[in-house]
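S.K.: Sequences are here, hints too, so could you generate the full structure?
Number of protein chains: 2
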Amino acid sequence: MTEPLAPGSVIGILGGGQLGRMLSVAAARLGFKTAIFEPGGDCPASHVANFHLQAGYDDTAALTRFAESVDVITYEFENIPTSALDVLEKLRPIHPGREALRVSQDRIIEKDFLTGLGLTTAPYRAVNSEDDLRAALDEIGAPAILKTCRFGYDGKGQARLSSAEDATQAWADMQGAPSVLEGFVEFSHEVSVIAARGANGEVACFDPGENVHREGILRTTTVPARLSASQRTDAVLLAGRILNALDYVGVIGVELFVTPQGLIVNEIAPRVHNSGHWTQQGCAVDQFEQHIRAVAGWPLGDGGRYADVVMENLIGDDMDRIPGLARNANVAIHLYGKADVKPGRKMGHVNRVILS
Amino acid sequence: MTEPLAPGSVIGILGGGQLGRMLSVAAARLGFKTAIFEPGGDCPASHVANFHLQAGYDDTAALTRFAESVDVITYEFENIPTSALDVLEKLRPIHPGREALRVSQDRIIEKDFLTGLGLTTAPYRAVNSEDDLRAALDEIGAPAILKTCRFGYDGKGQARLSSAEDATQAWADMQGAPSVLEGFVEFSHEVSVIAARGANGEVACFDPGENVHREGILRTTTVPARLSASQRTDAVLLAGRILNALDYVGVIGVELFVTPQGLIVNEIAPRVHNSGHWTQQGCAVDQFEQHIRAVAGWPLGDGGRYADVVMENLIGDDMDRIPGLARNANVAIHLYGKADVKPGRKMGHVNRVILS
Chain A
1 MTEPLAPGSV
11 IGILGGGQLG
21 RMLSVAAARL
31 GFKTAIFEPG
41 GDCPASHVAN
51 FHLQAGYDDT
61 AALTRFAESV
71 DVITYEFENI
81 PTSALDVLEK
91 LRPIHPGREA
101 LRVSQDRIIE
111 KDFLTGLGLT
121 TAPYRAVNSE
131 DDLRAALDEI
141 GAPAILKTCR
151 FGYDGKGQAR
161 LSSAEDATQA
171 WADMQGAPSV
181 LEGFVEFSHE
191 VSVIAARGAN
201 GEVACFDPGE
211 NVHREGILRT
221 TTVPARLSAS
231 QRTDAVLLAG
241 RILNALDYVG
251 VIGVELFVTP
261 QGLIVNEIAP
271 RVHNSGHWTQ
281 QGCAVDQFEQ
291 HIRAVAGWPL
301 GDGGRYADVV
311 MENLIGDDMD
321 RIPGLARNAN
331 VAIHLYGKAD
341 VKPGRKMGHV
351 NRVILS
Chain B
1 MTEPLAPGSV
11 IGILGGGQLG
21 RMLSVAAARL
31 GFKTAIFEPG
41 GDCPASHVAN
51 FHLQAGYDDT
61 AALTRFAESV
71 DVITYEFENI
81 PTSALDVLEK
91 LRPIHPGREA
101 LRVSQDRIIE
111 KDFLTGLGLT
121 TAPYRAVNSE
131 DDLRAALDEI
141 GAPAILKTCR
151 FGYDGKGQAR
161 LSSAEDATQA
171 WADMQGAPSV
181 LEGFVEFSHE
191 VSVIAARGAN
201 GEVACFDPGE
211 NVHREGILRT
221 TTVPARLSAS
231 QRTDAVLLAG
241 RILNALDYVG
251 VIGVELFVTP
261 QGLIVNEIAP
271 RVHNSGHWTQ
281 QGCAVDQFEQ
291 HIRAVAGWPL
301 GDGGRYADVV
311 MENLIGDDMD
321 RIPGLARNAN
331 VAIHLYGKAD
341 VKPGRKMGHV
351 NRVILS
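Quick note, the sequences are listed as chains A and B, same order.
Mapping of the first sequence onto our numbering: position 202 corresponds to residue 202, and the numbering continues sequentially without gaps.
Mapping of the second sequence onto our numbering: position 216 corresponds to residue 216, and the numbering continues sequentially without gaps.
Treat identical chains as interchangeable: a pair holds within one or across any two.
SDA-like mimics (lysine to any residue), calculated; alpha carbons at most 25 Å apart, straight line:
#  : residue 1 : residue 2
1  : 342       : 310
2  : 342       : 8
3  : 346       : 9
4  : 346       : 10
5  : 156       : 220
6  : 342       : 6
7  : 346       : 6
8  : 156       : 186
9  : 342       : 150
10 : 346       : 8
11 : 346       : 39
12 : 342       : 331
13 : 346       : 217
14 : 342       : 10
15 : 342       : 3
16 : 342       : 9
Just so you know, the hints here were simulated from the structure itself, not pulled from any lab data.
M.R.: Now the structure itself:
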């Protein structure tokens, strides 16, 4: 893409969840129209989009119609079926590109990619049988964590092993799916870098946020994170190396463990990321607009931050806290318009602006 | 309204322009669905709303259908035909209420209301003929400005008089419409207060912004405004008095002239206001969300400001400046999705965050 996409052009978004919703609002803010491709009805993104094409990823005719109705395609989740991408990419540019999806769709390929760049990950071994698992445990040691290579999110598709005795159950939990055993990393805390690369190769990073998870689900992200100046530099350089290696266009989320020996990459997500939601309150250009800018060939925001923020996810029954939260000054509420409250379901988030 | 409206409820918005668009996004952020009533097709608000009912304000069946599909009704402009309000208010609550519309739809009624509260306005006289105009000019003196009582905005329906010689032309410009002659006020600058009143009577004000107009159209609003502490207090108290007198629910814009003798009320607008757009960058709860909160019976944000901001409108060919503006760090761009660029047409705005 050489020319920036003009306002009035249509951005196609694969996936109609909360990330698609916030991408759609950001695109509208830049004067774009938006089209959502999502099998589900009444999806969060459709509430704030121009068009919603409700069809499955195996519906070639619908995919074709969708692609032909938009100027560029992006997505809110990495597990887009390859067959759908084959249809779409013949018709319109897709950002971020296939390579980013290929790498991030499979934990083994991702870790091979990262270590190939000279970055540090937790020790890992591919596991395709209980025997593999026992051999991997011998090498890596316990405790360790077994994860399916594909389709895991929010702690789903994972089993923790305290000792070799847990191997049979853990492997059974994977239901035969190709998996990876990851060694435990002794880390003080987790941070993530939300970084972006533009169509012209420029890179911009937001200030790293510090993440707290519970039951495998992100609960809070706080900026600024507890990081030294050199750790901050390392985080930014590392994100830039990943983006350049993938010839990436868009926003990426890079989760990092902070250890005395340096930063260890946990995982990458080729999309806007829950740990970047704080940017909605702290930055002139938030991660959603940053992503749309990249995808549309616009100049990126510089990632500058002008407020301290604590982002907290509202999960399941946290919705009951809304009346109280609404009475808090300096708390910005972001709800996703999901009809049904379910345990573990991300219903919204709040950004608490910390005034100095 | 005693119970706050639950997320998932539907907010009906009369008017599909940029204010409706930004109200719709704010409502979505709180988990509401939105329905736009707007005669025009492909209107800015419809791009980010759940529903758009395209019909005229004289279409009783459409108005009825609209009201029955929503939980509460608000609006983005004050010139809603009385006959439409008659249909709508029988079916659903409308906020702000009829009294605010009655007062603000007519410049004479508005000025009578304001002076009745003990507030100061420019000297004014009702004008219904050229003879009236000459008599009014004798009393008020020149220079002065003649305005139609109704339907004026962005400098439309106005004529300036340098002397009595301009009377014939000025009256002709009004095309026979009931008008008001306003005396000139010697003011150093104009500010506006964006204030809100909740369903329970609580009042919250944003920090006053300083406005610069050109050719009758707002160009920039800057916060903080040049105001002394006592002027700031006066501005807030005055806005509160207006809100309480109208038993108001929602956001109001109050334009004020700053003079050595105190603050003079220029006009009020019973809706979110162009001079409050800066709140999108400087506040946890912006004017659009504040309005939705009030209308939905939610607690209000406290109006606290955590950044200095200069808002600049993008008018007509200013759209050509977008590529350059997009390269500016700390500039947040807000475009309205209008298909056609026209001279004098508000196409978008930018909020420049000023870092200390």
